[in-house]
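4 protein chains.
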Amino acid sequence: MSKESVKKLKARLSKTIFGVSTPAGKAFDITLIILIILSILMVILESVPRYHKNYGDYFSVIEWIITIFFTIEYILRIWIVERPSRYIFSFYGIIDFLSILPSFLGLFIRGTQGLAVIRGVRLLRIFRILKLNRYTSAGTFLIRALKASTSKISVFLFAVIMAVIIIGTLMYLIEGPESGFTDIPTGIYWAVVTLTTVGYGDISPLTPIGQFLASVVMILGYGIIAVPTGIVTSEITMKKLNPSEGDIDSSEFEGRECPECGTVGHRKSAAYCYNCGGHLQDHLLD
Amino acid sequence: MSKESVKKLKARLSKTIFGVSTPAGKAFDITLIILIILSILMVILESVPRYHKNYGDYFSVIEWIITIFFTIEYILRIWIVERPSRYIFSFYGIIDFLSILPSFLGLFIRGTQGLAVIRGVRLLRIFRILKLNRYTSAGTFLIRALKASTSKISVFLFAVIMAVIIIGTLMYLIEGPESGFTDIPTGIYWAVVTLTTVGYGDISPLTPIGQFLASVVMILGYGIIAVPTGIVTSEITMKKLNPSEGDIDSSEFEGRECPECGTVGHRKSAAYCYNCGGHLQDHLLD
Amino acid sequence: MSKESVKKLKARLSKTIFGVSTPAGKAFDITLIILIILSILMVILESVPRYHKNYGDYFSVIEWIITIFFTIEYILRIWIVERPSRYIFSFYGIIDFLSILPSFLGLFIRGTQGLAVIRGVRLLRIFRILKLNRYTSAGTFLIRALKASTSKISVFLFAVIMAVIIIGTLMYLIEGPESGFTDIPTGIYWAVVTLTTVGYGDISPLTPIGQFLASVVMILGYGIIAVPTGIVTSEITMKKLNPSEGDIDSSEFEGRECPECGTVGHRKSAAYCYNCGGHLQDHLLD
Amino acid sequence: MSKESVKKLKARLSKTIFGVSTPAGKAFDITLIILIILSILMVILESVPRYHKNYGDYFSVIEWIITIFFTIEYILRIWIVERPSRYIFSFYGIIDFLSILPSFLGLFIRGTQGLAVIRGVRLLRIFRILKLNRYTSAGTFLIRALKASTSKISVFLFAVIMAVIIIGTLMYLIEGPESGFTDIPTGIYWAVVTLTTVGYGDISPLTPIGQFLASVVMILGYGIIAVPTGIVTSEITMKKLNPSEGDIDSSEFEGRECPECGTVGHRKSAAYCYNCGGHLQDHLLD
Chain A
1 MSKESVKKLK ARLSKTIFGV STPAGKAFDI TLIILIILSI LMVILESVPR
51 YHKNYGDYFS VIEWIITIFF TIEYILRIWI VERPSRYIFS FYGIIDFLSI
101 LPSFLGLFIR GTQGLAVIRG VRLLRIFRIL KLNRYTSAGT FLIRALKAST
151 SKISVFLFAV IMAVIIIGTL MYLIEGPESG FTDIPTGIYW AVVTLTTVGY
201 GDISPLTPIG QFLASVVMIL GYGIIAVPTG IVTSEITMKK LNPSEGDIDS
251 SEFEGRECPE CGTVGHRKSA AYCYNCGGHL QDHLLD
Chain B
1 MSKESVKKLK ARLSKTIFGV STPAGKAFDI TLIILIILSI LMVILESVPR
51 YHKNYGDYFS VIEWIITIFF TIEYILRIWI VERPSRYIFS FYGIIDFLSI
101 LPSFLGLFIR GTQGLAVIRG VRLLRIFRIL KLNRYTSAGT FLIRALKAST
151 SKISVFLFAV IMAVIIIGTL MYLIEGPESG FTDIPTGIYW AVVTLTTVGY
201 GDISPLTPIG QFLASVVMIL GYGIIAVPTG IVTSEITMKK LNPSEGDIDS
251 SEFEGRECPE CGTVGHRKSA AYCYNCGGHL QDHLLD
Chain C
1 MSKESVKKLK ARLSKTIFGV STPAGKAFDI TLIILIILSI LMVILESVPR
51 YHKNYGDYFS VIEWIITIFF TIEYILRIWI VERPSRYIFS FYGIIDFLSI
101 LPSFLGLFIR GTQGLAVIRG VRLLRIFRIL KLNRYTSAGT FLIRALKAST
151 SKISVFLFAV IMAVIIIGTL MYLIEGPESG FTDIPTGIYW AVVTLTTVGY
201 GDISPLTPIG QFLASVVMIL GYGIIAVPTG IVTSEITMKK LNPSEGDIDS
251 SEFEGRECPE CGTVGHRKSA AYCYNCGGHL QDHLLD
Chain D
1 MSKESVKKLK ARLSKTIFGV STPAGKAFDI TLIILIILSI LMVILESVPR
51 YHKNYGDYFS VIEWIITIFF TIEYILRIWI VERPSRYIFS FYGIIDFLSI
101 LPSFLGLFIR GTQGLAVIRG VRLLRIFRIL KLNRYTSAGT FLIRALKAST
151 SKISVFLFAV IMAVIIIGTL MYLIEGPESG FTDIPTGIYW AVVTLTTVGY
201 GDISPLTPIG QFLASVVMIL GYGIIAVPTG IVTSEITMKK LNPSEGDIDS
251 SEFEGRECPE CGTVGHRKSA AYCYNCGGHL QDHLLD
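Top line first, the protein sequences correspond to chains A, B, C and D. Note that the first sequence covers residues 1 to 286 in UniProt numbering. Note that the second sequence covers residues 1 to 286 in UniProt numbering. Note that the third sequence covers residues 1 to 286 in UniProt numbering. Note that the fourth sequence covers residues 1 to 286 in UniProt numbering.
Do not take every clue at face value.
The list cannot tell twin chains apart, which means a pair is met if one copy fits it or any two copies do.
As the list claims (entries may be wrong) - Derived pair list, reagent style DSS-like, types lysine-lysine, alpha-carbon separation capped at 27 Å:
hint: 1; residue 1: Lys239; residue 2: Lys147
hint: 2; residue 1: Lys53; residue 2: Lys7
hint: 3; residue 1: Lys26; residue 2: Lys53
hint: 4; residue 1: Lys7; residue 2: Lys26
hint: 5; residue 1: Lys26; residue 2: Lys15
hint: 6; residue 1: Lys240; residue 2: Lys147
hint: 7; residue 1: Lys15; residue 2: Lys239
hint: 8; residue 1: Lys147; residue 2: Lys8
hint: 9; residue 1: Lys7; residue 2: Lys240
hint: 10; residue 1: Lys10; residue 2: Lys53
hint: 11; residue 1: Lys53; residue 2: Lys147
hint: 12; residue 1: Lys240; residue 2: Lys8
hint: 13; residue 1: Lys53; residue 2: Lys240
Source of the hints: derived by calculation from the structure; they are not laboratory data. Just so we're clear, the structure is a prediction, and the values are computed from it rather than from any experiment.
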């Protein structure tokens with residue numbers, strides 16, 4: 001194969017793997033998403049003893065098909081990018097490696113079924129594929145609103161933790177081990193379960209004074225839930241009324257992914273990754 | 001009966017069945033609503049063994065009265081509309097058919113009591129009767145606000161599903177089958193029960209580290225609930241501050257129903273259904 | 001006693017019982033509130049077998065003191081007002097009567113302890129005493145905001161009821177009696193318990209498909225809670241941004257109570273009750 | 001030691017203990033926070049029988065190190081301030097004393113392990129150290145928004161308490177002792193558990209009518225939660241739209257603490273405590 005044809009092949013593969021604008025790129029992305037979801041579903045189902053016993057063999061076959069596909073993809077990525085080492089040690093590079101590792105380890109070492117759970121990191125790969133679109137723009141909006149209220153939410157969380165420690169200790173002193181409040185950590189656990197209105201009922205106060213305190217805590221928790229909601233809501237409303245100048249207009253962005261470090265969110269006109277300086281493929285090849 | 005008198009009869013029936021502006025039309029609608037609620041109540045009560053045993057006969061009689069009424073209505077609807085096939089295969093046409101089917105099937109086939117539940121589709125008929133009024137206008141407002149925040153809510157749901165899968169898997173690994181976390185699906189089920197603050201208590205962590213993780217999840221869930229609330233609230237507030245131009249002024253609409261496809265929400269001045277082109281009766285007959 | 005002195009006495013009593021601006025009126029109101037709370041507390045405590053056995057006699061004595069006080073107050077009210085019949089058959093007149101009735105019935109008839117609970121209506125008397133002040137003005141604001149969103153909340157409630165019926169029926173079909181879903185009403189009860197995130201855990205799904213549906217319901221309920229919050233919040237925010245012209249400026253009102261029908265919220269300058277036309281005492285006697 | 005050098009030493013210690021702007025002051029604050037958290041953690045862990053048995057000795061040693069550090073700090077504070085009596089009887093002075101008392105009492109008296117919990121007051125010391133910064137400014141904002149809605153929240157709480165009393169009494173009458181509703185306080189406890197959507201499940205209705213009422217209560221509670229959220233959210237949003245003139249610009253404040261009464265939040269330019277008139281150290285020593 002001539003050097004020229006290799007370069008052309010690389011360019012074509014690049015467009016498929018890193019781009020989203022070509023039909024091939026889209027098909028590749030959708031295949032990946034389906035395989036990831038399938039593979040996550042299998043990790044989940046394999047943990048059920050009954051399914052593992054009856055369908056274990058089918059699971060193995062599908063798992064190997066997925067692993068081989070991911071392995072080929074991993075090798076191609078290394079081959080294509082200009083600086084492979086940068087990709088290999090990037091965040092997504094490590095995830096790509098971890099998502100194929102357990103299957104191969106299982107070949108050589110026995111009793112690595114526990115490692116199967118590591119395959120769960122494949123879930124993270126989904127974020128790379130869900131590049132910049134309507135949804136990530138909405139996601140960005142939400143994260144931005146949450147970030148703007150970080151300090152308020154921290155104060156709130158601090159107050160909740162203090163309250164939970166004080167209430168848990170009080171209930172431990174009032175109820176004691178007979179009611180299931182065997183120690184202060186258990187009391188704090190109960191306080192969290194109650195204040196957040198989860199209410200398992202595995203531990204619940206039995207003495208009248210304990211039930212009274214519990215009632216106060218519940219009504220408190222009822223009111224307290226208003227605080228984070230209020231913070232987030234007002235932040236979102238404000239963001240809508242006065243979109244700050246720095247806000248990204250997501251329509252300007254194309255869903256391209258840097259082949260070297262996996263960063264997404266590059267401007268349409270960008271030719272180089274703003275994170276690592278690698279060549280952005282779609283632009284390069286026009 | 002002359003052709004003329006048949007046409008007049010059809011017109012009169014049309015006004016009663018499809019219109020809401022005449023006293024007969026209103027009475028017809030109210031009768032229908034009462035019969036539907038009665039029939040739903042009976043499906044519910046019949047499932048209670050005690051009631052089924054004691055009042056089963058009364059239920060049968062009432063059920064047949066309702067079925068006969070609905071059957072007559074169904075036949076009349078077919079007879080009146082210009083293109084019966086279009087009505088029969090429309091959404092509401094199928095619902096009308098399904099709501100009378102189980103009773104007749106019960107005549108010919110034994111052991112079709114399970115089919116009785118199909119009668120529950122009658123619940124859907126209520127939506128046709130609750131045509132455009134103060135309530136559906138409020139409903140439209142709410143649906144509009146929810147739709148405007150679809151992409152944000154999707155992102156939120158996606159994040160919740162991811163979180164639930166990760167938390168469920170972690171708890172399965174930490175707690176194991178002795179605490180009731182028999183497999184990952186059960187762990188995910190527990191995570192949903194906890195994150196949404198439902199907290200049945202059928203499965204709850206027993207190890208200290210599991211209880212600690214559970215506490216973190218609960219406080220997380222407490223904060224997370226703020227996000228959809230914030231999204232919906234700000235959307236409603238914005239909609240109120242700046243009602244968009246495209247918003248329908250509901251007062252302009254009359255609660256007419258297309259006799260052929262069952263669509264509602266036609267403009268006062270409309271003579272033909274905007275959905276299927278069928279004649280709108282009230283207008284036609286003025 | 002001369003007619004004149006009787007009239008003067010009536011006027012003085014009027015000021016005490018119906019007014020709030022004099023020290024005597026305030027003292028009277030505070031005494032009443034304390035007695036009502038005491039009497040409610042006693043109804044609550046008497047239901048505890050242990051307290052009833054040990055302190056039953058003390059409770060009786062206190063109960064009779066309160067009853068006698070309320071009886072004197074009731075007789076005075078009848079004596080003072082111009083048209084006693086109007087007071088007697090007014091809302092608060094009936095409550096005043098019901099709150100002393102059980103004690104006297106207990107004298108003549110045996111086994112009327114169940115009636116003691118009727119004394120609970122005394123709780124309602126508290127509303128009359130909490131006349132127009134900072135708190136009722138805040139209460140008015142809240143009620144107004146809730147009323148403005150009645151139609152939206154009705155639609156929401158209707159949707160919730162429909163959802164609960166459908167989900168309850170589905171779970172009854174899926175889980176069946178072995179899991180505790182003995183009939184459709186139980187299924188609906190479970191659906192309410194789950195959708196509102198209460199989650200007792202007395203009934204919970206056991207089959208995988210039931211647990212999956214339950215998870216969907218919970219996440220749904222999680223999102224649904226955003227809707228009423230959004231409605232109320234935006235209504236309160238709008239009310240604050242644009243206080244409508246018709247809104248009462250509560251500072252203009254004095255906490256006077258109509259002696260005949262018990263209505264409160266009269267304008268400072270009012271001499272007659274806007275509800276029944278009775279003389280408002282404070283004004284009359286200046 | 002000459003009087004002059006004593007004064008200089010006092011001044012230096014003052015800067016370290018009461019100031020935050022010097023490196024020594026910052027290091028002192030961070031050391032204190034770590035010791036407080038460590039000491040709280042130990043109170044919590046000591047309550048677990050297993051840890052107490054295995055690591056009890058280590059806990060004792062750490063506890064004494066912390067106690068000695070706090071004792072030295074306490075003595076220094078008394079020595080440094082101009083009017084020791086004012087510091088000793090101030091809020092933080094008493095807390096400082098209580099946080100070292102239990103360890104010393106344990107030396108002389110046996111069986112004072114119960115007192116160990118008093119060491120929990122050390123948690124309160126953390127508030128003094130978390131002087132005015134980004135977080136307390138956010139905290140101030142939240143407290144301000146909550147205060148502005150006090151009257152509305154009080155009305156809401158009053159309504160919730162009334163509802164809970166009425167519902168609890170009704171359920172006691174409907175369900176009776178067989179379902180666990182042994183008395184009205186238990187009924188009220190159940191009503192709180194249900195209305196706040198906690199739902200332990202330790203008590204739950206068994207009769208159909210009880211389950212129906214419970215369902216109504218739950219849906220009610222579902223709607224009621226919207227009210228405090230609405231109040232707080234709209235208050236926060238309003239505060240953001242129109243920051244009132246009286247609001248403190250927190251950037252103007254320095255995190256200085258009055259050495260005599262422990263008050264924080266003094267203006268940058270302040271030389272005397274606005275609370276007790278004591279000299280503020282940092283300023284004094286420039």
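So, going through the hints one by one against the coordinates:
Within a single copy, Lys239 and Lys147 get their C-alpha atoms as close as 12 Å, and across copies as close as 19 Å, so both meet the 27 Å cut-off. Taking the closest pair of Cα atoms, Lys53 and Lys7 never come within 27 Å of each other, the shortest separation being 48 Å inside a single copy and 69 Å across copies. For the homomeric pair Lys26 and Lys53, neither the shortest alpha-carbon distance inside one copy (37 Å) nor that between copies (61 Å) is at most 27 Å. With identical chains, the CA atoms of Lys7 and Lys26 are at most 27 Å apart within one copy only, with a shortest distance of 22 Å there and 58 Å across copies.
In this assembly of identical chains, Lys26 and Lys15 lie within 27 Å of each other by CA distance solely inside one copy; the values are 10 Å within and 54 Å between copies. Both within a single protomer and between protomers do Lys240 and Lys147 lie at most 27 Å apart by alpha-carbon distance, with minima of 15 Å and 16 Å respectively. Taking the shortest Cα distances, Lys15 and Lys239 never come within 27 Å of each other, neither inside one copy (36 Å) nor across copies (42 Å). For the identical chains of this complex, Lys147 and Lys8 are neighbours neither inside a copy (44 Å) nor across copies (45 Å), given an alpha-carbon limit of 27 Å.
In this homomeric assembly, Lys7 and Lys240 never come within 27 Å of each other (Cα to Cα): the closest approach is 47 Å inside a single copy and 57 Å across copies. With identical chains, the CA atoms of Lys10 and Lys53 are never at most 27 Å apart, being 43 Å at best within one copy and 66 Å at best between copies. For a Cα distance limit of 27 Å, the shortest separation of Lys53 from Lys147 qualifies neither inside one copy, at 46 Å, nor across copies, at 44 Å. For the identical chains of this complex, Lys240 and Lys8 are neighbours neither inside a copy (46 Å) nor across copies (56 Å), given an alpha-carbon limit of 27 Å.
Proximity of Lys53 to Lys240 under the C-alpha cut-off of 27 Å is found in neither arrangement, the shortest distances being 53 Å within a copy and 57 Å between copies.
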